[in-house]
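Asks: Chains as they are written, first to last, in the working numbering: chain C, 3 to 393; chain F, 3 to 393.
Rather than coming from a laboratory, the hints here were simulated on the basis of the structure.
One should not assume that every hint holds.
One copy or two, either will do: identical chains are not told apart, so a pair holds if it fits within one copy or between any two.
[To be verified] Derived pair list, reagent style SDA-like, types lysine to any residue, alpha-carbon separation capped at 20 Å:
no. : residue 1 : residue 2
1   : Lys343    : Met3
2   : Lys49     : Tyr238
3   : Lys224    : Arg113
4   : Lys224    : Glu314
5   : Lys343    : Tyr247
6   : Lys137    : Arg280
7   : Lys49     : Asp392
8   : Lys126    : Gly315
9   : Lys224    : Glu83
10  : Lys380    : Pro156
There are 2 protein chains.
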Amino acid sequence: MRSFFPPQRILMGPGPSEVSQRVLQAHARVTIGHLDPSFQSLMEETKAGLQVLFKAPDHVCLPLPAPGTGAMEAAIMNLLEPGEVAVIAINGQFGERMADMAERAGAEVIRVEHGWGEPIDLRKVEAALWARGAKVLAFVQAETSTGVHTDPGPLCALAREHGALSIVDAVTALGGVEVDVAGWGADVVYSATQKCLGAPPGLAPIAFGPKALEAIAARKTKARTWLFDVSLLMGYWSGVGGRTYHHTAPINAIYGLHEALCVLFEEGIEASIARHRRCHEALAAGITAAGLEFLTAKADRLPQLNPIKVPEGIDEAAVRARMLATHGVEIGAGLGPLKGKIWRIGLMGASATPLSVRTCLTALTQALMAEGFEVSLKDVLSAVEARLADG
Amino acid sequence: MRSFFPPQRILMGPGPSEVSQRVLQAHARVTIGHLDPSFQSLMEETKAGLQVLFKAPDHVCLPLPAPGTGAMEAAIMNLLEPGEVAVIAINGQFGERMADMAERAGAEVIRVEHGWGEPIDLRKVEAALWARGAKVLAFVQAETSTGVHTDPGPLCALAREHGALSIVDAVTALGGVEVDVAGWGADVVYSATQKCLGAPPGLAPIAFGPKALEAIAARKTKARTWLFDVSLLMGYWSGVGGRTYHHTAPINAIYGLHEALCVLFEEGIEASIARHRRCHEALAAGITAAGLEFLTAKADRLPQLNPIKVPEGIDEAAVRARMLATHGVEIGAGLGPLKGKIWRIGLMGASATPLSVRTCLTALTQALMAEGFEVSLKDVLSAVEARLADG
């Protein structure tokens, strides 16, 4: 076994995204104890930073020691008890995953199915909420499998009207599009570090609101998880003086998240969202100039996750392999029913730059030409520059 | 919010332990995609390295994206279905945690209670296994809360005789004392990165044996976890070509673990164990020369976790605070019934060096003197040097 040195890559898939040298260096600072007074201060700052980022001043915010899927499990397992009803809106892979987890929590799951590539339909969800008294309405704001954005505000309002708690998956959303937990009145919202936050994968920020915590305190049975039991986790993250040992926090990963939050606040959350939007528009101009099409309608598109249809007769895997080999550019494949049908181009966090857009489109165009697809690199790049010059 | 720069510390508590610059640098290498071909090679090497480390050539070995507690949850939730019987031997905090988790899995738990500081009693466990047909026998090899070592071999044999699967918690054991999964015939064994492996906290290596995987394949219900469902995880870690997306692996943490494995294999597993033993003996000589006592009988002691009784009339928290303030040395407090009664001195991974032993004992002796305890620093250090000179 020998030391591993990763190759140079430009990460433009569905995550992980680029991590800046500044965040990587923070990630590599010397490990200290998780009960050290100075680490406790770092935890407090991280909690406060997440409250600002989620726009959730009244929520308990903390980073779970797990991938985004761990936060999904925490949300589902803490809010649902056996026999309770969960309405899950499904419009892609991550909605499916929520439904699977809710079944494992012992809940009765009402699945509100949509086509992959469609946003969530309020009327369908409302019909499901009328059917039976649901404890929870869960859905994905930014479906990473399809690149579809759903506005959480109206769905959270609907949940409230029906006395249900809302769970919003904002894994790919946070930092790239508006996330406004207080404005939506959302009960539980979670994300992950490796998408638009610019930190390495491994942590899952989550926000639990007052009504969610009340429901958790009123549980009749223990949650079907110990590691993610929020009543125990809150004791560990409760602040200097009163902390109770729970697990050993992933110290260095929290250094990385903290630094990524510093970077994000220096840029400004709104500025970060505008940068994602601007890069998306430049990419979309190039995609159109290349004669390619989006899977999604314009109104539903996530700037940070661009689902591009694979043209008839093109070997999609060969295109991705060539992009990686010639330019070091990684883009994503389709999942589930979209396997072989789309590419997923990510513009997340530090990957959302004009330079990445140009490099990615150059690599894609050249790979398409190698596959016999007719396209002009000059036209593609001109369209990008015209869009960027527009602001 | 401003960048965080950790203070200089010497980590001699119950974990995290020191992380070498070499491992920290690996941890900070540039993030690549989790589906990148070169990351797939790294995963293969890491799996193979864990098989060697666990001495488990026939087990599926992989690092879970979570703290050690996540591996405990994975073991319990995968092996147990509602209504099945689990015998859990409890001789400290982590045995208690296993019992709590097994109840959350829906199992009927037979608790085999021991005093905190005692090793596990084979006869008591055998009596419990006779009582009812148990599916699982679970116990902790290295109880981090008490510093007690229990030899897993005879317990695993007992489980086999009674047709039960064995779960061995080797969180603090692996790399510091003998772990021989194949030799014991253990079914599921897990650990964590921040103890004797010398990597930052955040990953939990786990080994599932053939009988455990058979039992998992024969489950009638889905495991009460999606993130840690080993039938799904194996698809993600299945090797080049056949991988199925599950979660996003914590790329940089795996760089760190891989490098820590390189370091460990360069030293040699047996040499690492001998180093832990040698440092423990030097520390114990100093502890005795200081007029202090171990909580545990000599035969049961873990070299890497030394539980030292707090002398009558000494403010244990003041001693720890002074050690941290004057020498930057972190040691651990007691947990549960041992709170205020013991200190826990860790000698784990890169923290297990003669230099750390000297510094820790110097800091401890001076802090004790400040509290009015009579002790000679010269005698303490002479005892350490004499023991080290002995080999």
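Asks: If a hint holds in the structure, say so; if it does not, say that too.
Replies: Verification of the supplied hints:
Taking the closest pair of Cα atoms, Lys343 and Met3 never come within 20 Å of each other, the shortest separation being 38 Å inside a single copy and 44 Å across copies. In the homo-oligomer, the alpha carbons of Lys49 and Tyr238 lie at most 20 Å apart inside one protomer (12 Å), although the nearest pairing across protomers, at 31 Å, exceeds that limit. Only between protomers do Lys224 and Arg113 lie at most 20 Å apart by alpha-carbon distance; the minimum there is 18 Å, versus 25 Å within a single protomer. Within a single copy, Lys224 and Glu314 get their C-alpha atoms no closer than 52 Å, and across copies no closer than 40 Å, so neither meets the 20 Å cut-off.
In the homo-oligomer, the alpha carbons of Lys343 and Tyr247 lie at most 20 Å apart only across protomers (17 Å), although the nearest pairing inside one protomer, at 48 Å, exceeds that limit. Taking the shortest Cα distances, Lys137 and Arg280 never come within 20 Å of each other, neither inside one copy (39 Å) nor across copies (58 Å). Taking identical chains as interchangeable, the C-alpha atoms of Lys49 and Asp392 are never at most 20 Å apart, the minima being 38 Å within one chain and 50 Å between chains. In this assembly of identical chains, Lys126 and Gly315 lie within 20 Å of each other by CA distance neither inside one copy nor across copies; the values are 36 Å within and 69 Å between.
Taking the shortest Cα distances, Lys224 and Glu83 sit within 20 Å of each other both inside one copy (8 Å) and across copies (16 Å). With identical chains, the CA atoms of Lys380 and Pro156 are never at most 20 Å apart, being 43 Å at best within one copy and 72 Å at best between copies.
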